[in-house]
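Peer 1: Residues per chain, in single letters:
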Amino acid sequence: MEVITIESSPKTPSIKFDSKQGKLEIKGRSIPENSVEFYKPLVESLERYASAPTTPTQVDIQLEYFNTASSKCILDVLKRLETIHRQGNQVIINWYYEEDDEDMREAGEDYQAIVNLTFNMQQVELD
Amino acid sequence: MDIHDFYDKMDRNNILLSFKGDITAELLTSILQIIESKMDNMQEEPKLRKKVYIVLVELLQNLYHHMDDPSLEANAEMARTAIFMIGKENSHYNVITGNYIKNDRVPMLKKKMDEINALSPEEVKEHYKRTLNNGQMSDKGGGGLGMIDIARRTGKPLFYDFVPINDNFSFFTLNVVIEQ
Numbered sequence: 001m002e003v004i005t006i007e008s009s010p011k012t013p014s015i016k017f018d019s020k021q022g023k024l025e026i027k028g029r030s031i032p033e034n035s036v037e038f039y040k041p042l043v044e045s046l047e048r049y050a051s052a053p054t055t056p057t058q059v060d061i062q063l064e065y066f067n068t069a070s071s072k073c074i075l076d077v078l079k080r081l082e083t084i085h086r087q088g089n090q091v092i093i094n095w096y097y098e099e100d101d102e103d104m105r106e107a108g109e110d111y112q113a114i115v116n117l118t119f120n121m122q123q124v125e126l127d
Numbered sequence: 001m002d003i004h005d006f007y008d009k010m011d012r013n014n015i016l017l018s019f020k021g022d023i024t025a026e027l028l029t030s031i032l033q034i035i036e037s038k039m040d041n042m043q044e045e046p047k048l049r050k051k052v053y054i055v056l057v058e059l060l061q062n063l064y065h066h067m068d069d070p071s072l073e074a075n076a077e078m079a080r081t082a083i084f085m086i087g088k089e090n091s092h093y094n095v096i097t098g099n100y101i102k103n104d105r106v107p108m109l110k111k112k113m114d115e116i117n118a119l120s121p122e123e124v125k126e127h128y129k130r131t132l133n134n135g136q137m138s139d140k141g142g143g144g145l146g147m148i149d150i151a152r153r154t155g156k157p158l159f160y161d162f163v164p165i166n167d168n169f170s171f172f173t174l175n176v177v178i179e180q
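Chains as they are written, first to last, in the numbering used here: chain A, 1 to 127; chain B, 1 to 180.
Quick caveat, the hints were computed from the structure, so don't treat them as lab data. Check each hint, because a few of them may be wrong.
[Unchecked claim] Under the rule of at most 27 Å between Cα atoms (straight-line distance), these lysine-lysine pairs were calculated in the DSS-like manner:
no.: 1; chain 1: A; residue 1: Lys40; chain 2: B; residue 2: Lys129
no.: 2; chain 1: A; residue 1: Lys27; chain 2: B; residue 2: Lys125
no.: 3; chain 1: B; residue 1: Lys38; chain 2: A; residue 2: Lys27
no.: 4; chain 1: B; residue 1: Lys50; chain 2: A; residue 2: Lys27
no.: 5; chain 1: A; residue 1: Lys79; chain 2: B; residue 2: Lys129
no.: 6; chain 1: B; residue 1: Lys51; chain 2: A; residue 2: Lys27
no.: 7; chain 1: A; residue 1: Lys27; chain 2: B; residue 2: Lys111
no.: 8; chain 1: B; residue 1: Lys125; chain 2: B; residue 2: Lys50
Could you build all of it, start to finish, from the sequences and the hints given here?
Peer 2: Structure (C-alpha cells):
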C-alpha cells in the first residue's frame with residue numbers, strides 16, 4: 001500500500017494518492033519551473049500501482065492553472081491511468097473547471113482526445 | 001540618467017511593473033504575486049486575470065529556462081540578464097520581454113513563431129494538441145509548448161523583433177497582447 005501526500009504551494013498543487021482506496025486527487029496550481037521533478041514521485045507510484053490496482057480507481061483533477069511544463073507531466077500521469085484501464089480496470093476521471101474557464105474545460109477535452117479514458121467534466125462555481 | 005523622463009515613459013505606457021536583471025525562481029514568484037494582487041485591486045474579470053497570469057508564467061519561465069542555456073555561460077554578464085515589462089492600455093494588457101540570444105538560434109526561433117503566426121485559432125489548438133502528445137519532453141518538462149500556448153490563449157500573433165548586437169548575439173523582444 002502506498003500513500004502520497006504533498007501539500008500545495010504557490011507554484012504546485014496538492015497531491016493525494018492512496019493506492020489501497022484507489023483514489024488520486026490533484027488540486028490547485030501547477031506552475032513549477034521544474035515540473036518533471038515535481039511529478040516524478042506520483043508517476044513512479046502509479047507505475048507500481050498499475051501492477052495491482054484497486055477497482056475502481058477514482059481520479060479528481062481540479063486545477064486552477066497549469067503551465068505548459070506541467071501539461072506534459074499531467075499527460076504522463078493520465079497515460080499511466082490509461083494503462084490501468086487498458087488492463088481491464090475501471091478508471092474514473094473527474095475533471096473540474098471553474099465556470100467560465102473555457103480554457104480549463106478545453107484542456108480536459110484535449111486530454112480526453114489523447115488518452116483512451118472517459119472524463120466526467122465537472123463545472124464548479126467560483127468562490 | 002533623467003529619472004523624471006524615465007517615470008514619464010513608464011507612465012505614458014501605463015507600465016504596471018518592469019524589471020531588468022537576472023531571472024531567478026524567487027523573482028518569478030514575487031512578480032507573479034505582485035501582478036496577481038494588482039489585478040485583484042483593479043477588480044479585473046476572473047477570465048482576463050487568469051489569461052494574463054498564465055501567459056506571464058509562460059513568458060517568465062521561458063526567460064528563466066533561457067538563463068540556464070549552457071551556450072550562454074561564456075558570455076555570462078550580457079547574456080544572463082533580461083528585461084520584462086507589463087502594462088495595461090485601455091482594456092488590454094501588454095507583456096514585453098527582452099533578452100540576448102545566440103545568433104545561431106535566431107532562424108529556428110523565428111521560423112517557429114512565424115509558423116504559429118500563420119495558423120488560424122483552430123489550427124493553433126490542433127498544433128498544441130499534437131505537440132503535447134509528441135512524446136518529446138525537455139528535462140525540465142518544457143517540450144516546446146510555451147509559445148503555442150501563448151498564441152492559443154491570446155488568439156493573437158506573437159509580435160517579435162531581433163536586433164543584431166554583435167557577431168554572437170542578437171537582442172530578442174517579444175510583445176504579447178492579451179485582451180478580454
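Peer 1: Evaluate each hint against the coordinates.
Peer 2: Hints versus structure:
1. A:Lys40 - B:Lys129: Measuring from Cα to Cα gives roughly 22 Å; hence the hint holds.
2. A:Lys27 - B:Lys125: Holds, because 25 Å separates the two Cα atoms, which is no more than 27 Å.
3. B:Lys38 - A:Lys27: 24 Å, holds
4. B:Lys50 - A:Lys27: Holds, at roughly 16 Å.
5. A:Lys79 - B:Lys129: 15 Å, holds
6. B:Lys51 - A:Lys27: 19 Å, holds
7. A:Lys27 - B:Lys111: The given pair, whose Cα atoms are some 37 Å apart, is violated under the 27 Å limit.
8. B:Lys125 - B:Lys50: Roughly 18 Å separates the two Cα atoms, so the pair holds.
Violated hint: 7 only; the structure is consistent with all others.
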